[in-house]
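> Sequence:
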Amino acid sequence: MRLVIIWCVFSAKNSLAPVLKMHGAIQRGALSVFSKIVRYGHLPTLLWFARGLCALGLLGRNYRRQNAVATQNYRSLTGQSGNIDAAWIATQRSLLEMAATWGQNPRMLRQMAECSAALDNVVAPLHQQNIPVVLAPLHAVSDILSGIVAAGVTPGKATVVVSSSAEVYNQQAREMGNIALSYCSIHQDNKQLASSLMSLIMEVAQGQQNLIIFPDITPDYTVQTEEGHSSQISCRIFNRPAQLHSGVVRLSRAVSAQVVFYQLYYQNGLKIHIHEPIGARKAAAALPGIIEQSLTEYPKDWLLWHSHSLFYINH
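Residues 1348 to 1662 in this note's numbering are what the sequence shown lists, from first letter to last.
Just so you know, the hints here were simulated from the structure itself, not pulled from any lab data. One or more hints might be untrue.
[As the list claims (entries may be wrong)] Below 25 Å or equal to it, Euclidean Cα-Cα: the simulated DMTMM-like pairs (lysine to aspartate or glutamate) are:
id, residue 1, residue 2
1, K1647, E1461
2, K1504, D1467
3, K1504, E1644
4, K1618, E1644
5, K1618, E1639
Source: prediction; values computed, not measured.
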(Lines of atoms letter the chains of each structure in order from A and count residues from 1; the text may use other names and numbers.)
(Lines give C-alpha, C1' and ligand atoms only; values in the text may rest on other atoms or scores of the structure.)
Protein backbone atom coordinates (compact mmCIF):
# COMPACT_ATOMS: atom_id res chain seq x y z
CA MET A 1 0.00 0.00 0.00
CA ARG A 2 2.84 2.39 0.84
CA LEU A 3 4.45 1.77 -2.53
CA VAL A 4 1.17 2.59 -4.27
CA ILE A 5 0.85 5.89 -2.38
CA ILE A 6 4.46 6.84 -3.13
CA TRP A 7 4.00 5.94 -6.80
CA CYS A 8 0.84 8.10 -7.00
CA VAL A 9 2.58 11.08 -5.39
CA PHE A 10 5.56 10.98 -7.73
CA SER A 11 3.32 10.40 -10.76
CA ALA A 12 1.24 13.45 -9.89
CA LYS A 13 4.38 15.51 -9.34
CA ASN A 14 5.81 14.50 -12.71
CA SER A 15 2.50 15.28 -14.42
CA LEU A 16 2.33 18.76 -12.89
CA ALA A 17 5.95 19.66 -13.65
CA PRO A 18 5.26 20.96 -17.20
CA VAL A 19 2.29 22.99 -15.94
CA LEU A 20 4.34 24.55 -13.15
CA LYS A 21 7.16 25.29 -15.57
CA MET A 22 4.75 27.02 -17.95
CA HIS A 23 3.21 28.98 -15.06
CA GLY A 24 6.66 30.19 -14.01
CA ALA A 25 7.47 31.24 -17.57
CA ILE A 26 4.19 33.19 -17.80
CA GLN A 27 4.93 34.94 -14.50
CA ARG A 28 8.43 35.93 -15.63
CA GLY A 29 7.06 37.17 -18.94
CA ALA A 30 4.35 39.22 -17.25
CA LEU A 31 6.89 40.74 -14.86
CA SER A 32 9.17 41.63 -17.78
CA VAL A 33 6.29 43.31 -19.64
CA PHE A 34 5.20 45.19 -16.52
CA SER A 35 8.77 46.35 -15.88
CA LYS A 36 8.99 47.76 -19.41
CA ILE A 37 5.62 49.51 -19.01
CA VAL A 38 6.81 51.11 -15.78
CA ARG A 39 10.11 52.12 -17.37
CA TYR A 40 8.88 53.58 -20.65
CA GLY A 41 5.30 54.48 -19.78
CA HIS A 42 4.02 57.94 -18.88
CA LEU A 43 4.18 57.78 -15.09
CA PRO A 44 1.30 60.19 -14.29
CA THR A 45 -0.96 58.20 -16.63
CA LEU A 46 0.10 54.93 -15.00
CA LEU A 47 -0.68 56.35 -11.57
CA TRP A 48 -4.05 57.66 -12.77
CA PHE A 49 -4.92 54.25 -14.20
CA ALA A 50 -3.75 52.49 -11.03
CA ARG A 51 -5.84 54.80 -8.87
CA GLY A 52 -8.90 53.92 -10.92
CA LEU A 53 -8.22 50.21 -10.41
CA CYS A 54 -7.70 50.88 -6.72
CA ALA A 55 -11.05 52.69 -6.48
CA LEU A 56 -12.72 49.68 -8.12
CA GLY A 57 -11.14 47.39 -5.55
CA LEU A 58 -8.92 45.63 -8.09
CA LEU A 59 -5.69 46.93 -6.52
CA GLY A 60 -4.73 47.38 -2.88
CA ARG A 61 -7.18 44.79 -1.57
CA ASN A 62 -4.86 43.77 1.24
CA TYR A 63 -4.89 47.33 2.58
CA ARG A 64 -8.55 48.30 2.21
CA ARG A 65 -9.39 47.20 5.74
CA GLN A 66 -6.93 49.83 7.00
CA ASN A 67 -9.00 52.68 5.52
CA ALA A 68 -11.39 52.96 8.46
CA VAL A 69 -8.61 53.10 11.07
CA ALA A 70 -6.55 55.55 9.00
CA THR A 71 -9.50 57.87 8.41
CA GLN A 72 -10.55 57.85 12.05
CA ASN A 73 -7.01 58.57 13.21
CA TYR A 74 -6.75 61.47 10.76
CA ARG A 75 -10.05 63.03 11.80
CA SER A 76 -9.46 62.52 15.50
CA LEU A 77 -5.99 64.06 15.56
CA THR A 78 -6.26 66.91 13.07
CA GLY A 79 -9.92 67.79 13.57
CA GLN A 80 -10.34 67.89 9.80
CA SER A 81 -12.92 66.12 7.69
CA GLY A 82 -12.05 63.91 4.77
CA ASN A 83 -10.87 60.36 4.26
CA ILE A 84 -7.50 58.63 4.17
CA ASP A 85 -7.26 56.01 1.45
CA ALA A 86 -4.69 53.64 2.92
CA ALA A 87 -5.09 51.27 -0.03
CA TRP A 88 -4.11 53.97 -2.52
CA ILE A 89 -1.23 55.21 -0.36
CA ALA A 90 0.19 51.67 -0.36
CA THR A 91 -0.45 51.16 -4.08
CA GLN A 92 1.14 54.47 -5.04
CA ARG A 93 4.15 53.68 -2.88
CA SER A 94 4.66 50.32 -4.60
CA LEU A 95 4.40 51.80 -8.09
CA LEU A 96 6.79 54.65 -7.35
CA GLU A 97 9.30 52.26 -5.81
CA MET A 98 9.06 50.00 -8.85
CA ALA A 99 9.56 52.99 -11.15
CA ALA A 100 12.59 54.15 -9.17
CA THR A 101 14.37 50.79 -8.88
CA TRP A 102 13.50 47.95 -11.26
CA GLY A 103 11.79 50.16 -13.80
CA GLN A 104 14.38 52.98 -13.82
CA ASN A 105 11.69 55.31 -15.14
CA PRO A 106 13.46 58.45 -16.49
CA ARG A 107 10.81 60.84 -15.15
CA MET A 108 11.01 59.27 -11.69
CA LEU A 109 14.80 59.32 -11.67
CA ARG A 110 14.83 62.96 -12.73
CA GLN A 111 12.41 63.96 -9.97
CA MET A 112 14.43 62.11 -7.34
CA ALA A 113 17.61 63.79 -8.58
CA GLU A 114 15.90 67.17 -8.19
CA CYS A 115 14.90 66.27 -4.63
CA SER A 116 18.47 65.16 -3.87
CA ALA A 117 19.84 68.41 -5.29
CA ALA A 118 17.49 70.46 -3.10
CA LEU A 119 18.50 68.46 -0.03
CA ASP A 120 22.18 68.74 -0.93
CA ASN A 121 21.85 72.53 -0.98
CA VAL A 122 21.22 72.24 2.77
CA VAL A 123 23.57 69.36 3.60
CA ALA A 124 26.69 70.28 1.58
CA PRO A 125 27.37 73.57 3.44
CA LEU A 126 27.26 71.68 6.76
CA HIS A 127 29.87 69.20 5.54
CA GLN A 128 32.01 72.08 4.29
CA GLN A 129 32.02 73.34 7.89
CA ASN A 130 32.93 69.82 9.15
CA ILE A 131 29.57 69.49 10.89
CA PRO A 132 28.19 65.92 11.08
CA VAL A 133 24.73 65.44 9.59
CA VAL A 134 21.79 63.29 10.64
CA LEU A 135 19.05 63.13 8.01
CA ALA A 136 15.57 62.62 9.45
CA PRO A 137 12.95 61.87 6.78
CA LEU A 138 9.36 61.34 7.82
CA HIS A 139 7.46 58.24 6.71
CA ALA A 140 5.91 59.85 3.64
CA VAL A 141 5.30 58.57 0.08
CA SER A 142 7.95 55.84 0.41
CA ASP A 143 10.68 55.02 2.91
CA ILE A 144 12.74 53.56 0.08
CA LEU A 145 12.54 56.73 -2.02
CA SER A 146 13.38 58.83 1.05
CA GLY A 147 16.53 56.76 1.50
CA ILE A 148 17.49 56.97 -2.18
CA VAL A 149 17.10 60.76 -2.14
CA ALA A 150 19.27 60.99 0.99
CA ALA A 151 21.94 58.73 -0.51
CA GLY A 152 22.37 61.21 -3.35
CA VAL A 153 23.63 64.08 -1.20
CA THR A 154 27.12 64.95 0.06
CA PRO A 155 29.23 62.85 0.72
CA GLY A 156 27.35 60.31 -1.42
CA LYS A 157 27.09 57.57 1.21
CA ALA A 158 24.51 56.93 3.93
CA THR A 159 23.22 54.32 6.37
CA VAL A 160 19.59 53.99 7.40
CA VAL A 161 18.86 52.98 10.99
CA VAL A 162 15.66 50.94 10.77
CA SER A 163 13.31 49.14 13.14
CA SER A 164 13.49 45.79 11.38
CA SER A 165 15.13 43.94 8.52
CA ALA A 166 15.30 46.19 5.47
CA GLU A 167 15.63 43.50 2.85
CA VAL A 168 12.54 44.78 1.02
CA TYR A 169 14.87 47.10 -0.84
CA ASN A 170 17.40 44.39 -1.43
CA GLN A 171 21.02 44.49 -2.46
CA GLN A 172 20.27 43.77 -6.11
CA ALA A 173 17.87 46.72 -6.34
CA ARG A 174 20.41 49.00 -4.68
CA GLU A 175 23.12 47.95 -7.10
CA MET A 176 20.77 48.49 -10.04
CA GLY A 177 20.11 52.04 -8.89
CA ASN A 178 23.80 52.62 -8.12
CA ILE A 179 22.83 53.63 -4.59
CA ALA A 180 25.46 53.79 -1.82
CA LEU A 181 22.94 52.99 0.88
CA SER A 182 23.17 50.45 3.69
CA TYR A 183 21.02 49.49 6.67
CA CYS A 184 21.50 48.98 10.39
CA SER A 185 18.63 47.30 12.25
CA ILE A 186 17.81 47.97 15.90
CA HIS A 187 16.53 44.39 16.07
CA GLN A 188 20.05 42.98 15.93
CA ASP A 189 21.41 41.42 19.11
CA ASN A 190 23.12 43.81 21.51
CA LYS A 191 26.73 42.98 20.58
CA GLN A 192 26.14 43.15 16.84
CA LEU A 193 24.08 46.35 17.14
CA ALA A 194 26.69 48.02 19.35
CA SER A 195 29.46 47.16 16.90
CA SER A 196 27.46 48.39 13.90
CA LEU A 197 26.43 51.64 15.58
CA MET A 198 29.94 52.38 16.84
CA SER A 199 31.39 52.03 13.35
CA LEU A 200 28.55 54.10 11.88
CA ILE A 201 28.89 56.87 14.47
CA MET A 202 32.64 57.13 13.85
CA GLU A 203 32.13 57.54 10.10
CA VAL A 204 29.33 60.08 10.59
CA ALA A 205 31.45 62.09 13.04
CA GLN A 206 34.27 62.16 10.47
CA GLY A 207 31.93 63.27 7.69
CA GLN A 208 32.45 60.08 5.67
CA GLN A 209 28.73 59.39 5.46
CA ASN A 210 25.34 60.58 6.68
CA LEU A 211 23.11 58.80 9.16
CA ILE A 212 19.44 58.44 8.24
CA ILE A 213 16.76 57.71 10.83
CA PHE A 214 13.00 58.10 10.60
CA PRO A 215 11.95 60.28 13.55
CA ASP A 216 8.20 59.61 13.38
CA ILE A 217 8.42 55.86 13.94
CA THR A 218 5.60 54.85 16.28
CA PRO A 219 6.48 53.25 19.65
CA ASP A 220 4.72 49.96 18.88
CA TYR A 221 7.49 49.17 16.38
CA THR A 222 10.17 49.28 19.07
CA VAL A 223 8.42 48.41 22.33
CA GLN A 224 9.40 44.75 21.92
CA THR A 225 13.07 45.42 21.30
CA GLU A 226 15.67 44.98 24.01
CA GLU A 227 15.74 48.75 24.47
CA GLY A 228 12.07 48.62 25.42
CA HIS A 229 10.53 51.67 27.03
CA SER A 230 13.90 53.39 27.52
CA SER A 231 14.00 54.18 23.80
CA GLN A 232 11.06 56.58 24.07
CA ILE A 233 10.72 60.26 24.86
CA SER A 234 7.58 61.89 26.23
CA CYS A 235 6.05 64.87 24.45
CA ARG A 236 2.74 66.31 23.30
CA ILE A 237 1.44 65.86 19.76
CA PHE A 238 -1.82 67.56 18.79
CA ASN A 239 -2.08 68.61 22.45
CA ARG A 240 -2.13 65.01 23.69
CA PRO A 241 0.47 63.17 25.79
CA ALA A 242 2.51 61.11 23.34
CA GLN A 243 5.61 58.95 23.02
CA LEU A 244 8.24 59.16 20.27
CA HIS A 245 11.26 57.00 19.58
CA SER A 246 14.35 58.76 20.89
CA GLY A 247 16.76 57.46 18.24
CA VAL A 248 17.17 60.69 16.28
CA VAL A 249 17.79 62.64 19.50
CA ARG A 250 20.33 60.23 20.99
CA LEU A 251 22.27 59.55 17.80
CA SER A 252 22.50 63.21 16.81
CA ARG A 253 23.78 64.09 20.28
CA ALA A 254 26.36 61.31 20.11
CA VAL A 255 28.09 63.04 17.19
CA SER A 256 27.01 66.64 17.89
CA ALA A 257 25.24 66.66 14.54
CA GLN A 258 22.87 69.02 12.86
CA VAL A 259 19.54 67.30 12.17
CA VAL A 260 17.89 67.92 8.81
CA PHE A 261 14.21 66.96 8.88
CA TYR A 262 12.50 66.52 5.53
CA GLN A 263 9.68 64.70 3.85
CA LEU A 264 8.70 63.69 0.36
CA TYR A 265 5.25 64.40 -1.04
CA TYR A 266 3.64 63.68 -4.37
CA GLN A 267 1.79 66.53 -6.08
CA ASN A 268 2.11 66.48 -9.87
CA GLY A 269 5.40 64.71 -9.35
CA LEU A 270 7.71 63.83 -6.49
CA LYS A 271 8.71 66.84 -4.40
CA ILE A 272 10.49 67.47 -1.12
CA HIS A 273 9.85 69.73 1.87
CA ILE A 274 13.01 70.47 3.88
CA HIS A 275 13.16 72.06 7.33
CA GLU A 276 16.00 74.26 8.51
CA PRO A 277 18.85 72.30 10.16
CA ILE A 278 18.40 71.95 13.91
CA GLY A 279 21.06 71.39 16.56
CA ALA A 280 21.03 68.06 18.35
CA ARG A 281 20.06 69.66 21.66
CA LYS A 282 16.96 71.24 20.12
CA ALA A 283 15.78 68.25 18.10
CA ALA A 284 13.57 66.76 20.81
CA ALA A 285 11.67 70.01 21.28
CA ALA A 286 11.24 70.61 17.54
CA LEU A 287 10.16 67.11 16.52
CA PRO A 288 6.50 67.14 17.74
CA GLY A 289 5.79 70.36 15.85
CA ILE A 290 7.39 69.00 12.69
CA ILE A 291 5.24 65.88 12.87
CA GLU A 292 2.09 67.95 13.44
CA GLN A 293 2.92 70.15 10.46
CA SER A 294 3.54 67.15 8.22
CA LEU A 295 0.33 65.35 9.19
CA THR A 296 -1.69 68.54 8.71
CA GLU A 297 -0.18 69.77 5.43
CA TYR A 298 0.56 66.42 3.72
CA PRO A 299 -1.90 63.92 5.20
CA LYS A 300 -2.37 61.97 1.97
CA ASP A 301 1.34 61.12 1.82
CA TRP A 302 1.94 59.86 5.37
CA LEU A 303 2.34 56.09 5.54
CA LEU A 304 1.44 55.30 9.16
CA TRP A 305 -2.17 56.44 9.53
CA HIS A 306 -3.31 52.82 9.79
CA SER A 307 -1.37 52.23 13.01
CA HIS A 308 -3.86 51.61 15.82
CA SER A 309 -1.80 53.24 18.55
CA LEU A 310 0.12 55.89 16.60
CA PHE A 311 2.12 57.88 19.18
CA TYR A 312 -0.28 57.20 22.03
CA ILE A 313 0.52 53.60 22.95
CA ASN A 314 -0.51 52.47 26.44
CA HIS A 315 1.81 50.08 28.27
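> Broken hints, numbered, in rising order?
3
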